[in-house]
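Undergrad: Sequences listed follow chains A and B, in order. Take 2 as the starting number for the first sequence in the working numbering and just add one per residue. Take 2 as the starting number for the second sequence in the working numbering and just add one per residue.
Just so you know, these hints were derived from the structure itself, not from any lab. Keep in mind that a hint or two might mislead.
Copies of the same chain look alike in the list, so a pair counts if it fits in one copy or across any two.
To be verified - Result set (DSBU-like, lysine-lysine): computed pairs, CA atoms no more than 30 Å apart in a straight line:
no., residue 1, residue 2
1, 138, 21
2, 21, 98
3, 202, 138
4, 21, 202
5, 202, 98
Protein chains: 2
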Amino acid sequence: METAFSQWKRQCLNKLDVSKKGSVDEDIVHIVSLLNSWDNYFTTSSCSGRLILIDGVPQSAEVHKQNCVWLFVSHQKCSSDDLMAALAKSSGDAVMKFEPFILHVQCRRLEDAQLMHSVAVNSGFRNSGLTVSKAGKIITAVRSTHGLEVPLSDHGRLLVEQDYIRFLVQVANQKMEENLRRIQRFYQNLQAALSAEQLQKLQIPDTPSSQQLQNQKAPHRLETEQREEGEETNKASVYKRRRKRGQQVGTDCCNVDADSSPPELEDCLDLFT
Amino acid sequence: METAFSQWKRQCLNKLDVSKKGSVDEDIVHIVSLLNSWDNYFTTSSCSGRLILIDGVPQSAEVHKQNCVWLFVSHQKCSSDDLMAALAKSSGDAVMKFEPFILHVQCRRLEDAQLMHSVAVNSGFRNSGLTVSKAGKIITAVRSTHGLEVPLSDHGRLLVEQDYIRFLVQVANQKMEENLRRIQRFYQNLQAALSAEQLQKLQIPDTPSSQQLQNQKAPHRLETEQREEGEETNKASVYKRRRKRGQQVGTDCCNVDADSSPPELEDCLDLFT
């Protein structure tokens, strides 16, 4: 019998891509392929990072992207001429945004999601987090703090000079480069973590937990529930190694517990860039 | 014997606030107090939302906030004169940011964290997520997509006109207002969810799960592990009701599985504002 997870995975990978673009972005095809080739993971949505210009309804504080006119989208570095040409078409309140890499990975077990989260945070994606639905869907969202959001026109009237647009595009392109470096770091850390995981499985082939991988579970039961203490101990060293880069602590939150563990503090620290 | 969670909670609440500001922000004192008054929750860090102006090192794509000069911080609406006065002190690359409400809530059990996540997403904080550490710390981060990040000076040279600063402060103040509305919504939804939870406990006082609440658990074991099917069923209706507002699905991601459940899709949808 097929497990609920395997069924979700099969259905998801056979389904139509309903996004605007309709395909996986070039710069992250290798990551999506790697994850989908592993039994315990599959990706449900992704974007490699993009620079967008959206024309919103003036004076509306609650505008959804889908109600706006998309004047420009680029998943690569672009020129200020490209942006200026798109801006010329604005008749509302245009806003330029740089949105970094985002990836949603559905995971078989809670510990798979923890591994994914750990890899993400250690690769610089510090706004990453898990969702666990009642139906048993466990998803890690890989998210960065590394954005830009700049109002550029008011009722179609340009608010800034061309020099500013040039500076802004330069900043956005730097962010695009940094975003790609983080994607690369994420890919390398992911490969290392998955290899370590596989190696561990090969070293302890007959533990109850490896047998459990073969079991057919109800979707709402986390397989960690029946995991043995022994494997937890084996895994701890790998996990700690992966966590090392996340050990910094800072104090620019408004209210912070002195001993909070790094990931949650880091969330609030943010990168300035 | 004190549970690990109760110990963490006691230690955290007795500890020094190590943030820059050193206290909980005025607009969220009621939320922090409410959460800390419940046995299954405590807050580890928070910020009600703020407008900041930071002077960064020029040409550096990887600047941490703590290495920058903070020229201005306001947790309330502000005037363009305030921002202009602060900008005059810039000697590097100044960036204005609006950062919305952020809250980290440590939760006793995974299902408590799920409830918190559900309340957060339904209140408009769609970048919220969980972290589960190996030590057993389960934390929900309440996060919004509702920001601004605008470069304003280059090596101390102002890049925009005063008119633009006025427009920008107006946009930031609108976001501050919307942020407060969401905080209020979060508080109301939180009260409702916690009351429903309490009511349910009173209605089924002798189920194994309510007995489990009294048990002393090792920190790395999630108490949901031993939860009975019966209570899962009882809880489902409350959960579904709370999830209703999150049912919209959109298509502006780059690559999206047609049937992904709302929270993860919403993460990628973002609010334009």
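Undergrad: For every hint, state whether the structure bears it out.
TA: Cross-check of the supplied hints:
1. In this assembly of identical chains, the alpha carbons of residue 138 and residue 21 lie at most 30 Å apart only when taken from the same copy (25 Å versus 38 Å across copies).
2. In this assembly of identical chains, residue 21 and residue 98 lie within 30 Å of each other by CA distance both inside one copy and across copies; the values are 17 Å within and 29 Å between.
3. In this homomeric assembly, residue 202 and residue 138 come within 30 Å of each other (Cα to Cα) both inside a single copy, at 24 Å, and across copies, at 26 Å.
4. In this assembly of identical chains, residue 21 and residue 202 lie within 30 Å of each other by CA distance neither inside one copy nor across copies; the values are 40 Å within and 45 Å between.
5. In this assembly of identical chains, residue 202 and residue 98 lie within 30 Å of each other by CA distance neither inside one copy nor across copies; the values are 43 Å within and 46 Å between.
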